[in-house]
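Residues per chain are reported as follows:
There are 4 protein chains.
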Amino acid sequence: MIKVGVVGYGYWGPNLVRNFSVSRHFQVVAVAENKPAARETVARHYPSVLACEDAAELVARDDIDALAIATPVASHFPIARAALQSGKHVLVEKPLCRCVLEGEELIELAARMNRVLMVDHTFLFTGAVQTIRRLINRGDLGKLSYFDSMRVNLGLFQPDINCLWDLAPHDLSIIDHLWNDKVVAMDISGYCHINPTSPDMIYLTLHYARDAVAHLNLSWMSPVKVRRFAIGGTDRMLIWDDLDQDQKIRIYDSGIEFRSDDERATIIPDYRIGDILSPCIPRHEALSAVIEHFANVIKRDEQSIMDGTRGLQVVAILAEAQCLLDRRLRDLQKLRRGS
Amino acid sequence: MIKVGVVGYGYWGPNLVRNFSVSRHFQVVAVAENKPAARETVARHYPSVLACEDAAELVARDDIDALAIATPVASHFPIARAALQSGKHVLVEKPLCRCVLEGEELIELAARMNRVLMVDHTFLFTGAVQTIRRLINRGDLGKLSYFDSMRVNLGLFQPDINCLWDLAPHDLSIIDHLWNDKVVAMDISGYCHINPTSPDMIYLTLHYARDAVAHLNLSWMSPVKVRRFAIGGTDRMLIWDDLDQDQKIRIYDSGIEFRSDDERATIIPDYRIGDILSPCIPRHEALSAVIEHFANVIKRDEQSIMDGTRGLQVVAILAEAQCLLDRRLRDLQKLRRGS
Amino acid sequence: MIKVGVVGYGYWGPNLVRNFSVSRHFQVVAVAENKPAARETVARHYPSVLACEDAAELVARDDIDALAIATPVASHFPIARAALQSGKHVLVEKPLCRCVLEGEELIELAARMNRVLMVDHTFLFTGAVQTIRRLINRGDLGKLSYFDSMRVNLGLFQPDINCLWDLAPHDLSIIDHLWNDKVVAMDISGYCHINPTSPDMIYLTLHYARDAVAHLNLSWMSPVKVRRFAIGGTDRMLIWDDLDQDQKIRIYDSGIEFRSDDERATIIPDYRIGDILSPCIPRHEALSAVIEHFANVIKRDEQSIMDGTRGLQVVAILAEAQCLLDRRLRDLQKLRRGS
Amino acid sequence: MIKVGVVGYGYWGPNLVRNFSVSRHFQVVAVAENKPAARETVARHYPSVLACEDAAELVARDDIDALAIATPVASHFPIARAALQSGKHVLVEKPLCRCVLEGEELIELAARMNRVLMVDHTFLFTGAVQTIRRLINRGDLGKLSYFDSMRVNLGLFQPDINCLWDLAPHDLSIIDHLWNDKVVAMDISGYCHINPTSPDMIYLTLHYARDAVAHLNLSWMSPVKVRRFAIGGTDRMLIWDDLDQDQKIRIYDSGIEFRSDDERATIIPDYRIGDILSPCIPRHEALSAVIEHFANVIKRDEQSIMDGTRGLQVVAILAEAQCLLDRRLRDLQKLRRGS
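Residue numbers (the numbering used here), protein chains in the order written: chain C, 11 to 349; chain L, 11 to 349; chain Y, 11 to 349; chain W, 11 to 349.
Don't take each hint at face value.
[Stated by the list, open to error] Derived Cβ-Cβ restraints for the label pairs, each shown as a range:
#1 255/Y - 11/L: 34 to 42 Å
#2 293/L - 312/C: 52 to 60 Å
#3 166/W - 340/C: 38 to 46 Å
[What the hints assert, rightly or not] Rough simulated footprint, nothing fancy, chain W against chain Y, three-plus residues with beta-carbon under 8 Å:
#4 113 to 124
#5 146 to 158
#6 212 to 221
#7 232 to 244
#8 339 to 346
Worth flagging that the hints you see were computed from the coordinates, not collected in a lab.
Ideal placement from N, C-alpha and C gives every residue a C-beta, glycine not left out.
One chain only, chain C, in its complex shape (with noise of 0.2 Å):
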């Protein structure tokens, strides 16, 4: 059994309580939260389990072998320091952290240490991006061109990290997942409702090396909740809608066929519109999965398919993004001004 602790009680934190204490690898030993309320949740519903109020603490164990932070993004990076450095394997919430250079930091620390660093990138282990990889690795897609995603709701607002942060790490792990390519190029564009510093509606496009494209369309701020995910494909597209519980994916053996590439300036393409297949996706608690992944990572039974330097692709795109919002927004607000 490893034994595993937990940092950090808010919205994730009882998630990955629940499921480490449902697996037959781990043993939930501590809980550090600094709010009195949710640490007497855990007494309540975990009493063999020590809830204590710093992280600090369960750093300082020898009876814990491993720690799973679920705390803001910015205290990401000294919690997962100092478990790595007392020897801790450490699972970290996305993202990573909030530098290239704190991600780079972790991953020769975890190296050095010899201990795992991951970062829990839940969707990657749902039926949906499995069903989907599974697709793409066995050619059903023909070759990918694009990725077009919109991941828009109302709120959930957070005091630390703005839409991009909240809502693009999905994207970015999925797409690192499905495609794995170099950004050669990005745009990006936001709209800030609240706080004018900080985005609540963000427009992002990313060109891959292997000349492909993907556009995030993410907002705090739509009426109706929306999980649409579209990749085109030469052979075959595909639409992930993960709020419809029928059809999550539907693939479409739909495209344009032209003759030869010559052609291609000049002809006008023919359509071909066919049968839609919605496949029957497995249903299961992707948490689980990721925490049985942890678990066979540090034994050495597995690679890990969301390490840290996977992490740390996501984590530089965001900071790439963020860099250039930034210039962005203050540039519209000198040509609001100016006009």
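Chain C is already provided as a structure; the job is to place chains L, Y and W on it using the hints.
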């Protein structure tokens, strides 16, 4: 009775002829179309209408008061100019023309000749847009902040224009009609599947002077057709799904509430999830109303809501967007080659 | 060219005339319609077609080979009889007639005169029904066990027929076409909102000889239009939603699995939840195919799939259902009075 | 604190225990369950709760004030009777019991012992039913005329009850709660796929004294789950789709308008197609409200809305429907054999 000629009997021309035919204001005198098969169809369906080959024949006739032009975009300018010069009123299909200079010349010419120049932005006369405009003008949505349009489908590829010039005129004319504001900045990006210089996927973001943003996701490469247009306001938000037969428009009495401007940066706002109202949308053929409007403007009974100046605004945005897009596509090509 | 006359230019007549006009097999000679305004419309749209007042004028003409009858149901029989007697082929709108005796006389007369008698059950020529029939005949669904139809909308109330005679012919002709079996028993019940002897809501259950059941929920009093038709089979099930533009038909690879007949009574079966397939449905106007079929049957190139005998089957069920329904409504009235 | 015991820890029992546990009114003392694995789960999740094998142990204990019974239907009566006899309040899962005689005995016994007998018709405490009831009581729908329910899904087959007793109690208790009227007649029919004496598809029509009709389409053999409940009123109509997350209830300001009663038989009425309103439905766990209600009724702070008498009404309809159904199925078998 206004005597009207129609140039072009391809996709839209038959709709114009059919609607002019049943209007009590117009008499269709002649149709010009260079495809013989289409001319035969005209002759069969409208025995009393002259079917000729060349637009010039219509321009030359004295018994024609007005010309409707439904030809490829590149020919809008020369035909409209000739028609105005010969003293005819002109209704041009959208977009008005290819560039600002062409549009300015047409507007000036129409003024000089004291003739009507109108652009057929048909959507402005749909029940949906009329209902939305009424809601906005009545203040039901509060102060507007965003327009978010997804206008995607599979094809139809057009030989003379790309996806921007095909799809964006709808959104641009609608936003202009609803919001009537100056664009102070724009971001654009795209992707080419077929013709490497003519994008079939476009992401366009427009920043308006009075602090609103519009985002257009336009594509000819989506396996499903989507016509989704969302509007955000401080009091209510709205989604117009033009393909939904029962609930084309949904008004959400939902939003974000905060207490004071000072608190914006620090306090997490509250959410209001309220009722959803789908107003009953009157069903009528929008083009029929366009044609009534054209007659009333010719008779000086109405001020046009889509005259040359409004049409030129759309062209000006398209032309600037195209310019930025060309540069961006060249940059992306270099960045990919260099990567 | 078969010379055809059309009787009735109300709701469906114009569709018949339009489709006969463009068919290469037919020439529309005359239309009979007692409303002067409708006759004027005919004259305007089809200058070469004679518009007369009375069906008898068409029956009397020697230059007419075939008559299409789109008048109220009560007049189907006398007009069709006169037409057959005068040696004309006949296409009657559904339902064929009001009772079995009328239908038998028409069938016998058509046989005697060696003329075609066909009922326009248009739905049989839709892409949806053709696709479903192919699936069933290919054995994709296994042995069929149920048909469940919900065919409801708001009105349109008709002066001459109730909701049963208006809506059920669609389902009855479709089921007959797909399943072709004898009804051994039926259950019917209804409710009258407007006219106390003419139900506007009907629940009809048909029990077929080869152990299948059909249930029809028919209503003129539903606030939304629903056209949902489900078919259960031992291997697959199917739902046809005629108002769904993207996925009219969904085939569910789902079902119940059990091991042996002995176990049926005691063992709880397993469920199989599988993929969902939406076949691409060819889009064409079904009425155009009906008219081609009519021509081919007249020319003896095809055997009719909706001749008088098939049409009579539908009428026979309607007549029996109406009889049971009348009795049930009288009983219910007494029971309510007595309660 | 009311001390409560729960009998049965299968599908629903865990929900009862969880909700009793967090209620400030109840303390869960013991759970009775004959499956050892389920008892172990109780012990692990609720260390302070006694897990015993037999309901009789709970009935015998003096430190238990109330018993919740979530066992197969056949055992409801003996367990509830023993519990009432030993002076305990009783909450029984729906349906209350198997027949009218059982129900009457329980009601009489509860009255004699001065104890609460309540049936857990959980749906009555959902936000949806509460909202609908408010609308009806406020007169928003006008005079009601119909209830039309489609409650279909794939399985779950149950060993002790058929599809009627599994699904109809929901609709019957809801209609009783909303409309509270006497059934004067019913029509029923069904179909058996698996067990030839236990239908898995049921069509039930109820005719109410005050001139309303209810139609229930119940099935365990539908490839998709549907929970659609329509209500017709003279002023407005309503559709409750319990699986729609955004718009559970839609109120249609649509209907039929006619001028006078005399005109009913002859004149075709007008249609009114109006706005559609989806009220915001409060989200809460209905079972938690049921348990609060149980506490308040025990404390005599509230009158029960689902006491034994209301529960018996549901059983009475089920029992009569079953009787008619059995006869109909026998008749159908004979008719098929004879055909």
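Sort out which numbered hints this structure fails and list those numbers smallest first.
Per hint list: 3, 4 violated.
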